[in-house]
Amino acid sequence: MKSANLNTLTITEAAAGLRAKEFSSVELTQACLARAKERNARLNAFITIDEIKALEQAKIADTLLASDNSFPLTGIPYSIKDAICTAGTLSTGASKILGDYIPIYDATVIKKIRATGAVLIGKTNCDTFGHGASNENSMYGSVRNPYDETKVSGGSSGGSAVSVADNHCLFSIGEDTGGSIRQPASFCGINGLRPTYGRNSRYGIMAMASSLDVVGPMTKTVADMAIIMETMAGYDPLDATTVTEAVPNYTQEIIGSITGLKIGVPKEYFELEGMDEETKKIVEEKIKELEKLGAQLIPVSLPYTKYAVPTYYLIVPSEDSSNLARLDGLRYGVRVPGEDLYATYANTRAAGFPDEVKRRIMIGTYALSAGYYDAYYKKAQKVRTLIIQDFQTAFSRCDAIVTPTSPFPAFDIGAKKEDILAMYLADVFVSPASVAGLPALSIPAGKTEAGLPVGLQIIGPRLADALVMRIGNHLEKIK
Amino acid sequence: MDITIADIEWVGKLARLTLTEKEKEYYAGTLSQIFEYVEMLNEVDTSMVQETSQVTGIMDRTRSDESKIINEHERQALINQFTDSETNFLKVPAVFKKT
Numbered sequence: 001m002k003s004a005n006l007n008t009l010t011i012t013e014a015a016a017g018l019r020a021k022e023f024s025s026v027e028l029t030q031a032c033l034a035r036a037k038e039r040n041a042r043l044n045a046f047i048t049i050d051e052i053k054a055l056e057q058a059k060i061a062d063t064l065l066a067s068d069n070s071f072p073l074t075g076i077p078y079s080i081k082d083a084i085c086t087a088g089t090l091s092t093g094a095s096k097i098l099g100d101y102i103p104i105y106d107a108t109v110i111k112k113i114r115a116t117g118a119v120l121i122g123k124t125n126c127d128t129f130g131h132g133a134s135n136e137n138s139m140y141g142s143v144r145n146p147y148d149e150t151k152v153s154g155g156s157s158g159g160s161a162v163s164v165a166d167n168h169c170l171f172s173i174g175e176d177t178g179g180s181i182r183q184p185a186s187f188c189g190i191n192g193l194r195p196t197y198g199r200n201s202r203y204g205i206m207a208m209a210s211s212l213d214v215v216g217p218m219t220k221t222v223a224d225m226a227i228i229m230e231t232m233a234g235y236d237p238l239d240a241t242t243v244t245e246a247v248p249n250y251t252q253e254i255i256g257s258i259t260g261l262k263i264g265v266p267k268e269y270f271e272l273e274g275m276d277e278e279t280k281k282i283v284e285e286k287i288k289e290l291e292k293l294g295a296q297l298i299p300v301s302l303p304y305t306k307y308a309v310p311t312y313y314l315i316v317p318s319e320d321s322s323n324l325a326r327l328d329g330l331r332y333g334v335r336v337p338g339e340d341l342y343a344t345y346a347n348t349r350a351a352g353f354p355d356e357v358k359r360r361i362m363i364g365t366y367a368l369s370a371g372y373y374d375a376y377y378k379k380a381q382k383v384r385t386l387i388i389q390d391f392q393t394a395f396s397r398c399d400a401i402v403t404p405t406s407p408f409p410a411f412d413i414g415a416k417k418e419d420i421l422a423m424y425l426a427d428v429f430v431s432p433a434s435v436a437g438l439p440a441l442s443i444p445a446g447k448t449e450a451g452l453p454v455g456l457q458i459i460g461p462r463l464a465d466a467l468v469m470r471i472g473n474h475l476e477k478i479k
Numbered sequence: 001m002d003i004t005i006a007d008i009e010w011v012g013k014l015a016r017l018t019l020t021e022k023e024k025e026y027y028a029g030t031l032s033q034i035f036e037y038v039e040m041l042n043e044v045d046t047s048m049v050q051e052t053s054q055v056t057g058i059m060d061r062t063r064s065d066e067s068k069i070i071n072e073h074e075r076q077a078l079i080n081q082f083t084d085s086e087t088n089f090l091k092v093p094a095v096f097k098k099t
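Protein chains in written order, with full-length UniProt numbering: chain A, 1 to 479; chain B, 1 to 99.
Same shape as in the complex, but just chain A:
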């Protein structure tokens, strides 16, 4: 292994190279920083690149590696979505209202990753507070797709996806409310896991929709993902929604056989009007590989699929509008003074939030307001129950479900920016699992004629994160 192109290694490869003393963490980090800085001007994946702190961490990691006091992630450079709090490092959530916010604490998942001696190189661009499916809603500019710079990266964790796909680092930590890890992972040709809701702590994640938000890994391989999940999953007294079930040994669990598994193929995800035919064909071809691996494909139906997006776009803005009420210019971030207290709040929020955040706050405020609550928020929560039951019925017949991650590959920057509904419908295949709180993994399925990546989604029952990764791990090995 040569020191050139160290940034293109997987975690597993780099961890082996570091232990064989083929290169140091400082050299690996320098390779990533060089690539990230060179490419950021074009792709805009990072809001902050912290070279000095990264190299300090890499030096410490080299000491840990020399002393045999190391973990699989020791010395491995990574990035974090800017909507996740990092102690001592700017965390804006891609907003202006938190444009100067430096948290004094790490999100629990980040604290766990830092404890392994992994090397944080920077904070990645995203749709502001996670509001978007294309990364065009960032107050720090769009992120460009490395496969075609005229296309979007996907969103909202677009910068994270690009930082991994374009080899600025070896992995990234993203956040997924509707599809914000899986959809950009599919657009950029990498792996992205939305873990079971409650598996990983949300403490220190800038809250968007508290009943849906999860934090998860974005990686080059499924094996790398298992290492990260083992590090960050688990009960956290600081997040009352984390589950107490023991964290499985994911790195071992993903190796097991998938022979005899029943894999459901839901017709609703393949019969969508307006779906890209090439995407459909690539995913169908990839799914057939499961039969060669000894799994059995069975047709299933999820009849409430089409109601997931409208359900999502009532529940999420409602919870969003409540969570974002705390950003008023008094306690954190930027303040725009007005003639009285009300005007200070209203001016600060008008200047600090982009268009899409304002829209979601207003949708949520309207849906929760007196006289409308039952018709909108409560109605959506009831349909949410039916979507959950839909999956329960399907999982009584199969072990996991496979679908396309997105109905189309990455689209042109600007193509859907003005058509709000078209943008919301980009979430059509990712939002059902989110609403139901299920684990869902996107892995690369192939590329279109034009060279754009297409993703395959694997959805499992609650807490079957290991199973979806196992299926992904086997599929990934078939080229």
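Honestly, the hints are just simulated from the structure, not real lab data.
Yeah, the Cβ is synthetic: ideal placement off N, Cα and C, and Gly gets one too.
It is possible that part of the hints are untrue.
Not everything, but these chain A residues come out facing chain B in the computed CB check (under 10 Å) [claimed, not checked]:
#1 Ile102
#2 Pro237
#3 Ser257
#4 Thr259
#5 Tyr366
Since chain A is already given, all that's left is putting chain B on it; use the hints.
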């Protein structure tokens, strides 16, 4: 579903958002579109369905109500992070007007 400029003014006030005239018109348009779209949920009979507010089933989880001791460095960092401060005090705009 028609969301009017007056609706937007009302929602903007509730949500503490200063809106320009152009923005009011724009958001009235996009919110009308969105609320018209979500009307499709009315096709679903939910008369016998319980709402879901959380998916974990975890109930009544509590923690002890204890104050957390932080060090001087963290205390200073917290004060510095506040939008406005003076010595050890956190400054916020006055709630009451001087008479």
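How the hints compare with the structure:
| no. | hint | verdict |
| --- | --- | --- |
| 1 | Ile102 | holds (6 Å) |
| 2 | Pro237 | holds (6 Å) |
| 3 | Ser257 | violated (30 Å) |
| 4 | Thr259 | violated (31 Å) |
| 5 | Tyr366 | holds (5 Å) |
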